[in-house]
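Colleague: So the chains spell out like this:
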Amino acid sequence: MQQQFSQALFSTNELEQEDLLNDIKGHSLAERTQRLNVYRNNVYVSLMDALGEIFPVCKQVVGDAFFNAMARQYVDRHPPRSAILSEYGDQFSEFVSHFFAAQSLPYLASLCDLEYRLLQMTHNAEPTHLSLSEAQQRLSQANNPDALQLLLYSQCELLSYPYAVGQLYLAHKQPQLNLKQLQLQQADHLLIAKSGLYGCIYPLNALEFEFIKALKENPSLGQALPENESFDLGQTLAKLMTWEVFSDIYES
Amino acid sequence: MMTFSKPQAEGKYLPSGFAQQTGISLKPCYYEQILTTRPKVGFFEIHAENYLSEGGPARHYLEEVRSLYDITVHGVGLSLGGDDTLNLDHLERVARLVERVQPAVFSEHLAWSTHQQHFFNDLLPVPYSEDRLQRLCEHVDQVQARLKRQILIENPSTYFEFCSSAMEETDFIAELVKRTGCGLLLDVNNVDVSCFNHQRNPYDYLRTFPLQAVQQIHLAGHTLDEKAQPALKIDSHDQPVTSDVWQLYQHTLELMGDCPTLIERDGNFPELSVLHEEAVMADRIRALVKEAQNAAAI
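Chains as they are written, first to last, in the working numbering: chain A, 1 to 252; chain B, 1001 to 1298.
Honestly, the hints are just simulated from the structure, not real lab data. Predicted model only: the values in this text are computed from it and were never measured. C-beta atoms are modelled at their ideal positions from N, C-alpha and C, and glycine is treated no differently. Incorrect hints may have been included.
[Stated by the list, open to error] Take a look, some chain A residues computed to stay more than 12 angstroms from chain B by CB distance:
| hint | residue |
| --- | --- |
| 1 | Asp113 |
| 2 | Arg138 |
| 3 | Leu197 |
[What the hints assert, rightly or not] Listed next, the stretches of chain A that the computed footprint assigns to chain B, with coverage defined by at least 3 CB atoms under 8 angstroms from CB atoms of chain B:
| hint | segment |
| --- | --- |
| 4 | 29-37 |
| 5 | 122-129 |
| 6 | 168-176 |
| 7 | 226-238 |
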């Protein structure tokens, strides 16, 4: 029965619904179909709403009607595999990248990828990290900068997108939305990390991105420094300390 | 059949507000206000599946609210009425939540929501047949064994009935209680919705419902789809409790005596004070019924 029911929920083909409809009480086929449709509607609407909550900026960017059309097709092709809906949508970005009607918005898939990662970051356990004052103290006590080991907590993620979706996301979170100065065609380098209870986006320039990437691979400050005079180490360290993404700082 | 003691509200938390005063659904839009204003309600109820993450605001605020109030945990994703075996990873996560929160009660549904690893996010109906009952009992036994406590099963709201059902819903539920030792969560709104949708009398339904096993009541609002032929009530949880449901609630208490009650809301959220007023209304009805029953006993 549940095999038939599952098929009927995702099909408008009357033949595929026939066995189930024959087992539903009702005076007419129209009545039995209407009763079944309450469940179908509940399933689609609740899952489309869930996707709207997981990808709120994407929904805001494309509008409700466009988003719901995309979400409905996604629900058809990728129904959730878990009852924990905050984990739903892991393939949405990939799906959006192939969604024909979204081809004129080439940044949309990257935006969805960012939104999904941010939400998962929010639901991650709060990491153990050095507070700003702890990090400042460790740095001030260092005698040999070349021997400094700067460890970032493992959950913080470096992301690089071909479009300025971090800027777009942040612009949509401002009370006064101002998209005029946004250059969407620029690449975006981002660090996402936990700020208190929530996942948070920190924009980076290309040298900062390179430096943090090197630190994540090898925490030795001496080895992570980019060979580029325009890299501002002091400012970058100040940002990382303020964002509280260090799990440890020590001299080897 | 395994035997379980009734859930205890004693321990490191407050004495049971659950038994004394009506509770409200815990939703993110109310977190800050609850902690600031500490409304006088008996408890808060959470959906288990919204509180299974390792961190973030849900986990944080649940801990804060738990330090002040009793909590009840309502599962919506175990798919107890499903053909499939239970998802053990999911059960394990729910069990860890229950161990952490120590709720006054844990409840789930007489429904299924997962088939072949696809989760439908709705509470889908089961035919009332012997083989379905047996499968459901196995799943309830399995959950009670893992959680090491009695669980409550909620009567469903349904939009159709199966021709293949071989017994009445109330008989099916009574047999479930008998075989598993589970308790029941009586959703009075579901009684109203299902009976309307199947042209049955809700008062007759209650007369045959195994009320002696009921340990919690849910009250919620529904919407009416008048365009449907016949018209259907939809269990939307996004409206105030209707006068029909309030009357049915009073009648239920007159039949079974006092019972811990929840004002359940899952959408179209009003000010917290509006839900609090509904909880106060439920408490007023509880007090009136108790008074009348005490007077009759003298």
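Colleague: Please name the hints from earlier in the document that this structure breaks, with their numbers sorted from lowest to highest.
Modeller: Going through the list in order, the structure violates hints 3, 6 and 7 and respects the others.
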